[in-house]
Amino acid sequence: MTGLRSTTLALAVAAATALSAGAAWAQDTLRIGTEGAYPPFNMVDENGNLHGFDIDIANALCAQMERECTFVIQDWDGIIPGLLAGKYDAVIASMSVTEERKQAVDFTDKYWTNKLQFIAPKSVDLDLTPEGMAGTSVGAQRATISAQWVEENMPDVDVKLYDTQENAYLDLGTGRIDAVIADKLVNYEWLESDAGADFEFKGEPVYENDLIAIALRKGNEDLLADFNAALTAIRENGTYAEINAKYFPFDIY
Amino acid sequence: MNIDVMIAALPKLLEGAWLSLQLLFISGFFGLMIAVPLSIARSSPRLAVKALPYAYIFFFRGTPLLVQLFLVYYGLSQFAFVRESPILWPVLKEPYWCAIITFSLHTGGYIAEILRGAIQAVPVGEVEAARALGMRRSTTLARIVLPRAARIALPAYGNELILMLKGSALASTVTLLDLTGMARTIIARNYMPVETFLMAGVIYMTITFVLVRGLRFIEHRTSAHMRGRPTGPDTAPPESIA
Chain A
1 MTGLRSTTLA
11 LAVAAATALS
21 AGAAWAQDTL
31 RIGTEGAYPP
41 FNMVDENGNL
51 HGFDIDIANA
61 LCAQMERECT
71 FVIQDWDGII
81 PGLLAGKYDA
91 VIASMSVTEE
101 RKQAVDFTDK
111 YWTNKLQFIA
121 PKSVDLDLTP
131 EGMAGTSVGA
141 QRATISAQWV
151 EENMPDVDVK
161 LYDTQENAYL
171 DLGTGRIDAV
181 IADKLVNYEW
191 LESDAGADFE
201 FKGEPVYEND
211 LIAIALRKGN
221 EDLLADFNAA
231 LTAIRENGTY
241 AEINAKYFPF
251 DIY
Chain B
1 MNIDVMIAAL
11 PKLLEGAWLS
21 LQLLFISGFF
31 GLMIAVPLSI
41 ARSSPRLAVK
51 ALPYAYIFFF
61 RGTPLLVQLF
71 LVYYGLSQFA
81 FVRESPILWP
91 VLKEPYWCAI
101 ITFSLHTGGY
111 IAEILRGAIQ
121 AVPVGEVEAA
131 RALGMRRSTT
141 LARIVLPRAA
151 RIALPAYGNE
161 LILMLKGSAL
171 ASTVTLLDLT
181 GMARTIIARN
191 YMPVETFLMA
201 GVIYMTITFV
211 LVRGLRFIEH
221 RTSAHMRGRP
231 TGPDTAPPES
241 IA
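For the protein sequence lines, the chains are A and B, in the order given. Numbering follows full-length UniProt numbering, with no gaps: position 102 of the first sequence is 102. Numbering follows full-length UniProt numbering, with no gaps: position 192 of the second sequence is 192.
Excised from the complex, chain A in its bound form:
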């Protein structure tokens, strides 16, 4: 723990204590950070409104916890720093639980399970071994486990890192890169769209048990417990299944 970060933490704890002491905690607005560029999980429509699976889940959880929530849109590669800096209280942006992130933040229980899978043009055969992929260029979003997976498992691949997943698809569409590795369901959504018509999944998912959860600043035990209780509740009362069915014809939990 560095000096600066422990100071930030101390301030956050002090602020939290002050708020709960004032009994304003329960009514206080919960600020939720999300990216807004990750269809179908979180995206912004023409009118600037957030929507998507994450947003519906977040709203359902807030309703369950009887808390008022507001959303804060934050670029992906600054989303953990923004949480640590107190710009919002929770990240609901389809974030994977990783050991490295656990050093920085606390995670709730999972709210869906992700798999990583390659997509590429239908006309191309990909040999998805480290040797077979050597020399190809693969796009991934910066600061995601997809990027990390390909960097660690396929060292001879030319990894191109994008600020948003959408930009990676743009470059796959023009043939600037050979393949994209991303969350299977995000790829699924793009393959279903017009832009993805000439592309398909390649091979089996390369990584199967990627748990997606809500990230909180460390030490927010009460909020963590509230979120977990609300998650269990919406799983049991059918709200989760309803939201799931809105986006995918299969269970993603």
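Keep in mind that the hints are not guaranteed to be accurate.
Said to hold, decoys possible - Distance condition first, Cα-Cα at most 30 Å in a straight line; then the derived BS3-like pairs of lysine-lysine:
id	chain 1	residue 1	chain 2	residue 2
1	A	115	A	246
2	A	110	A	202
3	A	202	B	166
4	A	87	B	93
5	B	93	A	122
6	A	218	A	122
7	B	50	A	102
Claimed, not checked - What follows is a set of in silico ranges between Cβ atoms, one per label pair, in the way DEER data are often shown:
id	chain 1	residue 1	chain 2	residue 2	range
8	A	151	B	62	35 to 41 Å
9	A	137	B	62	32 to 38 Å
10	B	156	A	124	47 to 53 Å
11	B	212	A	109	52 to 58 Å
Stated by the list, open to error - Per the computed footprint, the stretches of chain B lying under chain A, defined by three or more beta-carbons under 8 Å from a beta-carbon of chain A, are:
id	segment
12	75-84
13	174-187
Don't read these hints as lab results, they were simulated from the structure. Note that the structure is predicted; figures quoted are calculated from it, not measured. Idealized CB from N, CA, C, for every residue including glycine.
Keeping the supplied structure of chain A fixed, place chain B upon it in accordance with the hints.
Using the frame of chain A, we list chain B on its own:
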């Protein structure tokens, strides 16, 4: 503050800095090549000659560099004829060349406007003297106007070079791992934005410092005639005056 993190990030950041320097100097060179003819045409009193450079400068100064970069990188690649061209696509496929092209065109617009001002600031008397000696217009331009304008433009050009160094950080938005792109990629792993960006900032400042000193040296060397005679013991006024 974690010094170990900063030191661990240093080798990768220097690798990124090398790419930033390439972007800066290659686009700085091509920008200058674009700017010289543009500024000469822009200084013309004739509307037909100065209209096009005026429009060029207006466009590149009037739109954000990020928009220009996205137009070249994501925009041009949307056209099938660009992707099918055996000449255009090998160049425009590479983010490196997209960045070089955009930065060159962008800085070219700014340098052209700086040079335009400098050309118009060359004292009329010097141009008239050259003409009176029988120099042709082109000779006057090459021997009198441009060398004088270059010296006048130098401080402003140095400023533009420094702005371009910082502008080159936008290369990170088109997958290039320049100094900023490298810093962001490192932060994706270590979650230490303060330490990593601070280190990147120190490297940017070091580059700027060297640029400033280098430019000041050139300015000093090219302004000897304006500093007057050196004052040595021979030229000092007699002490009896005091």
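Taking the hints in turn, this is what the structure says about them:
| no. | hint | in the structure |
| --- | --- | --- |
| 1 | A:115 to A:246 | 20 Å, holds |
| 2 | A:110 to A:202 | 26 Å, holds |
| 3 | A:202 to B:166 | 40 Å, violated |
| 4 | A:87 to B:93 | 38 Å, violated |
| 5 | B:93 to A:122 | 20 Å, holds |
| 6 | A:218 to A:122 | 45 Å, violated |
| 7 | B:50 to A:102 | 61 Å, violated |
| 8 | A:151 to B:62: 35 to 41 Å | 40 Å, holds |
| 9 | A:137 to B:62: 32 to 38 Å | 34 Å, holds |
| 10 | B:156 to A:124: 47 to 53 Å | 51 Å, holds |
| 11 | B:212 to A:109: 52 to 58 Å | 55 Å, holds |
| 12 | 75-84 | holds (count 3) |
| 13 | 174-187 | holds (count 6) |
Comparing the model with each earlier hint shows violations of hints 3, 4, 6 and 7; every other hint is respected.
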